[in-house]
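Respectively, the protein sequence lines represent chains D and F.
Under our numbering, the first residue of the first sequence is numbered 30, with each subsequent residue one higher.
Under our numbering, the first residue of the second sequence is numbered 201, with each subsequent residue one higher.
Worth double-checking, as some hints may not be accurate.
Unchecked claim - For lysine-lysine, the following DSS-like pairs were computed, each having C-alpha atoms within a straight-line distance of at most 30 Å:
| no. | chain 1 | residue 1 | chain 2 | residue 2 |
| --- | --- | --- | --- | --- |
| 1 | D | 234 | F | 228 |
| 2 | D | 145 | D | 167 |
| 3 | F | 361 | F | 327 |
| 4 | F | 233 | D | 316 |
| 5 | F | 283 | F | 297 |
| 6 | D | 346 | D | 316 |
| 7 | D | 76 | F | 203 |
| 8 | D | 234 | F | 297 |
| 9 | D | 205 | F | 361 |
| 10 | F | 228 | D | 199 |
| 11 | D | 118 | F | 283 |
| 12 | D | 234 | D | 316 |
| 13 | D | 199 | D | 230 |
| 14 | F | 229 | D | 234 |
| 15 | D | 205 | F | 306 |
| 16 | F | 233 | D | 205 |
| 17 | D | 316 | F | 228 |
| 18 | F | 203 | D | 124 |
| 19 | F | 364 | F | 349 |
| 20 | D | 230 | F | 229 |
| 21 | F | 203 | D | 145 |
| 22 | F | 272 | F | 289 |
| 23 | F | 228 | F | 248 |
| 24 | F | 340 | F | 327 |
| 25 | F | 289 | F | 312 |
| 26 | F | 361 | D | 230 |
| 27 | F | 248 | D | 234 |
| 28 | D | 230 | F | 228 |
| 29 | F | 361 | F | 349 |
Stated by the list, open to error - Restraint-style ranges between C-beta atoms, simulated for each label pair:
| no. | chain 1 | residue 1 | chain 2 | residue 2 | range |
| --- | --- | --- | --- | --- | --- |
| 30 | D | 201 | F | 214 | 35 to 43 Å |
| 31 | F | 221 | D | 311 | 21 to 29 Å |
| 32 | F | 253 | D | 309 | 48 to 56 Å |
| 33 | D | 318 | F | 258 | 56 to 64 Å |
| 34 | F | 208 | D | 148 | 15 to 23 Å |
| 35 | D | 205 | F | 214 | 20 to 28 Å |
| 36 | F | 246 | D | 128 | 54 to 62 Å |
| 37 | D | 357 | F | 248 | 51 to 59 Å |
| 38 | D | 318 | F | 248 | 43 to 51 Å |
| 39 | D | 367 | F | 253 | 38 to 46 Å |
| 40 | D | 360 | F | 248 | 24 to 32 Å |
Honestly, the hints are just simulated from the structure, not real lab data.
We put the beta carbon where it would ideally sit given N, CA and C, even for glycine.
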Amino acid sequence: MYRINVLKTLTFLFFAITVSVNAANNPDEAIPAEQESPVQNLKTEIKEYINHHLLDSYDFTLYSYTNDAGEHKYISAPLPVILIDSGLKVFSSSKFHHGETVAEVDGQFYALYHNKIYKTDALGTINHNEENHATNEKPLDFSITKNVVFIILVGLFMLLIFSRMANSYKNNPMPKGIGRIFEPLILFIRNDIAIPNIGEKHYRKYMSYLLTVFFFIWIINLLGLTPLGVNVTNNIAVTLALALVTYFITTFSGNKNYWKHIFWMPGVPWPMKIILAPIELLGTVIKPFSLMIRLYANITAGHIVLMSIIGLMFIFKNWIGSPLSFGLAFALSLLELLVAALQAYIFTMLSALYFGSAVEEHDHH
Amino acid sequence: MDKLIEQFSLGLFFWQLILFVALVLLLKKFAWKPILNAVNDREEGILKALESAENARKEMQNLTADNERILKEARIERDAMLKEAREMKDSIISEAKGEAHAQATKVIEQAKATIESEKHAAIAEIKNQVAELSLEIAEKVMRNELSDKNKQIKLVEDMLKEVKL
Chain D
30 MYRINVLKTL
40 TFLFFAITVS
50 VNAANNPDEA
60 IPAEQESPVQ
70 NLKTEIKEYI
80 NHHLLDSYDF
90 TLYSYTNDAG
100 EHKYISAPLP
110 VILIDSGLKV
120 FSSSKFHHGE
130 TVAEVDGQFY
140 ALYHNKIYKT
150 DALGTINHNE
160 ENHATNEKPL
170 DFSITKNVVF
180 IILVGLFMLL
190 IFSRMANSYK
200 NNPMPKGIGR
210 IFEPLILFIR
220 NDIAIPNIGE
230 KHYRKYMSYL
240 LTVFFFIWII
250 NLLGLTPLGV
260 NVTNNIAVTL
270 ALALVTYFIT
280 TFSGNKNYWK
290 HIFWMPGVPW
300 PMKIILAPIE
310 LLGTVIKPFS
320 LMIRLYANIT
330 AGHIVLMSII
340 GLMFIFKNWI
350 GSPLSFGLAF
360 ALSLLELLVA
370 ALQAYIFTML
380 SALYFGSAVE
390 EHDHH
Chain F
201 MDKLIEQFSL
211 GLFFWQLILF
221 VALVLLLKKF
231 AWKPILNAVN
241 DREEGILKAL
251 ESAENARKEM
261 QNLTADNERI
271 LKEARIERDA
281 MLKEAREMKD
291 SIISEAKGEA
301 HAQATKVIEQ
311 AKATIESEKH
321 AAIAEIKNQV
331 AELSLEIAEK
341 VMRNELSDKN
351 KQIKLVEDML
361 KEVKL
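Bound conformation, chain D alone (with noise of 0.2 Å):
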């Protein structure tokens, strides 16, 4: 555990070779003896262990490691949970002990399985039922978790670095130090996103929209890529809120037009518009759809794939195999950060597509 943990640094370039070097070095130090197939059991934990990177988490772990007595010891900081349950709960994470223990919270007993909270008695007994999923209740959660943290604290970086940069044109009509950054890729935004598809007359108010969603996704798929170990757009509710934001905007500034074509096409013979009808209503929702899998099944699948890369190097073992995985890492992560801005780029170019379909006039019918 200790080392795949640690192993999350190898995508800092540097901290990496020296740390598989050492890992390569230690072989067996942290195999106990008793199991009978090592390998299997470190494939099992090394699944595990993604899958377990993926989901999200109630406390910021840095790493955790077991020490010489045995313990798990975790390098991490509690979250505050919010549940709601018969009243609003609010207690710190830390009475879970990283789900070793049950919480207790006036009279009422929490337990995480799988990363969830669940309802449960004072021994913290988990029901399940044939498919294997667990059965106990569970409370509704606003927990203050590990993601909500990072989309908190980029919010605020966003905040910062473009207030401050909308405050340095105050005095001088060039940007100024990260600015220099940023303005060439608003003005990518406004020149090749949002006016080609939106079209000069009504890009403006969507802008704000395009920006944000352009810059939060990719500093936050960026962030992902760090060994903090964050990984927010590989929830499916993250980008199901962010597509539904853009199915809203789309929806609410549909004109006479859009609405035309999805319920009377023009143009066909009646008995397609009929058809067409439930089809072009469909679709309104399959396009936002579309781009929160896609986000979600993109980043994911790159976080599997890294991870089951670095994963390799404690399977082989050896001073081929581990420099090859690891070079694949590398270059894995160098595609990651292309896929970073990828993502980004086509959220926010499908949304501003689906703008421009809502707000375009047909002069041509």
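Given chain D's structure and the hints, the job is docking chain F onto it.
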């Protein structure tokens, strides 16, 4: 899909939606509007500056063209004036010549006429004097001649001889 639904976290969705919408609104007020306005203003300023530079260039061209035109006109005018002056000079000279000639002719004519008349007068006077003189001479001769009888006869004879019948 099952796993996706199971993993779906309402809390995260709620926070993401609230925080993201708040972020859009805050950034709109504090960042995007001022930034986009500044960029737009700058772009318009650049366009305007380019336009005014172009206008100034055109004006300069016009000015140069004007100058050249004025210069050309001045040159043409000067040439015309020179030509006129030359013509005037020529005409004055020729006029003066003609007048002088006419005057001279007139003077000569007058002189001629005066000379003629003087000559006539002189001739007339000479004639008169000659006639008087002749008469006097004739008188004297006659007297002289007629004082002698012979001579008178001789004269008559001479005269008669002269007269040829």
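Status of each hint after checking the structure:
no.: 1; hint: 234(D) / 228(F); verdict: holds, 10 Å
no.: 2; hint: 145(D) / 167(D); verdict: holds, 8 Å
no.: 3; hint: 361(F) / 327(F); verdict: holds, 29 Å
no.: 4; hint: 233(F) / 316(D); verdict: holds, 28 Å
no.: 5; hint: 283(F) / 297(F); verdict: holds, 21 Å
no.: 6; hint: 346(D) / 316(D); verdict: violated, 45 Å
no.: 7; hint: 76(D) / 203(F); verdict: holds, 16 Å
no.: 8; hint: 234(D) / 297(F); verdict: violated, 95 Å
no.: 9; hint: 205(D) / 361(F); verdict: violated, 158 Å
no.: 10; hint: 228(F) / 199(D); verdict: holds, 16 Å
no.: 11; hint: 118(D) / 283(F); verdict: violated, 113 Å
no.: 12; hint: 234(D) / 316(D); verdict: holds, 21 Å
no.: 13; hint: 199(D) / 230(D); verdict: holds, 27 Å
no.: 14; hint: 229(F) / 234(D); verdict: holds, 12 Å
no.: 15; hint: 205(D) / 306(F); verdict: violated, 103 Å
no.: 16; hint: 233(F) / 205(D); verdict: holds, 17 Å
no.: 17; hint: 316(D) / 228(F); verdict: holds, 25 Å
no.: 18; hint: 203(F) / 124(D); verdict: holds, 27 Å
no.: 19; hint: 364(F) / 349(F); verdict: holds, 24 Å
no.: 20; hint: 230(D) / 229(F); verdict: holds, 21 Å
no.: 21; hint: 203(F) / 145(D); verdict: holds, 13 Å
no.: 22; hint: 272(F) / 289(F); verdict: holds, 25 Å
no.: 23; hint: 228(F) / 248(F); verdict: holds, 27 Å
no.: 24; hint: 340(F) / 327(F); verdict: holds, 19 Å
no.: 25; hint: 289(F) / 312(F); verdict: violated, 34 Å
no.: 26; hint: 361(F) / 230(D); verdict: violated, 153 Å
no.: 27; hint: 248(F) / 234(D); verdict: holds, 25 Å
no.: 28; hint: 230(D) / 228(F); verdict: holds, 19 Å
no.: 29; hint: 361(F) / 349(F); verdict: holds, 18 Å
no.: 30; hint: 201(D) / 214(F): 35 to 43 Å; verdict: holds, 41 Å
no.: 31; hint: 221(F) / 311(D): 21 to 29 Å; verdict: holds, 26 Å
no.: 32; hint: 253(F) / 309(D): 48 to 56 Å; verdict: holds, 52 Å
no.: 33; hint: 318(D) / 258(F): 56 to 64 Å; verdict: holds, 57 Å
no.: 34; hint: 208(F) / 148(D): 15 to 23 Å; verdict: holds, 18 Å
no.: 35; hint: 205(D) / 214(F): 20 to 28 Å; verdict: violated, 38 Å
no.: 36; hint: 246(F) / 128(D): 54 to 62 Å; verdict: holds, 60 Å
no.: 37; hint: 357(D) / 248(F): 51 to 59 Å; verdict: holds, 55 Å
no.: 38; hint: 318(D) / 248(F): 43 to 51 Å; verdict: holds, 46 Å
no.: 39; hint: 367(D) / 253(F): 38 to 46 Å; verdict: holds, 42 Å
no.: 40; hint: 360(D) / 248(F): 24 to 32 Å; verdict: violated, 49 Å
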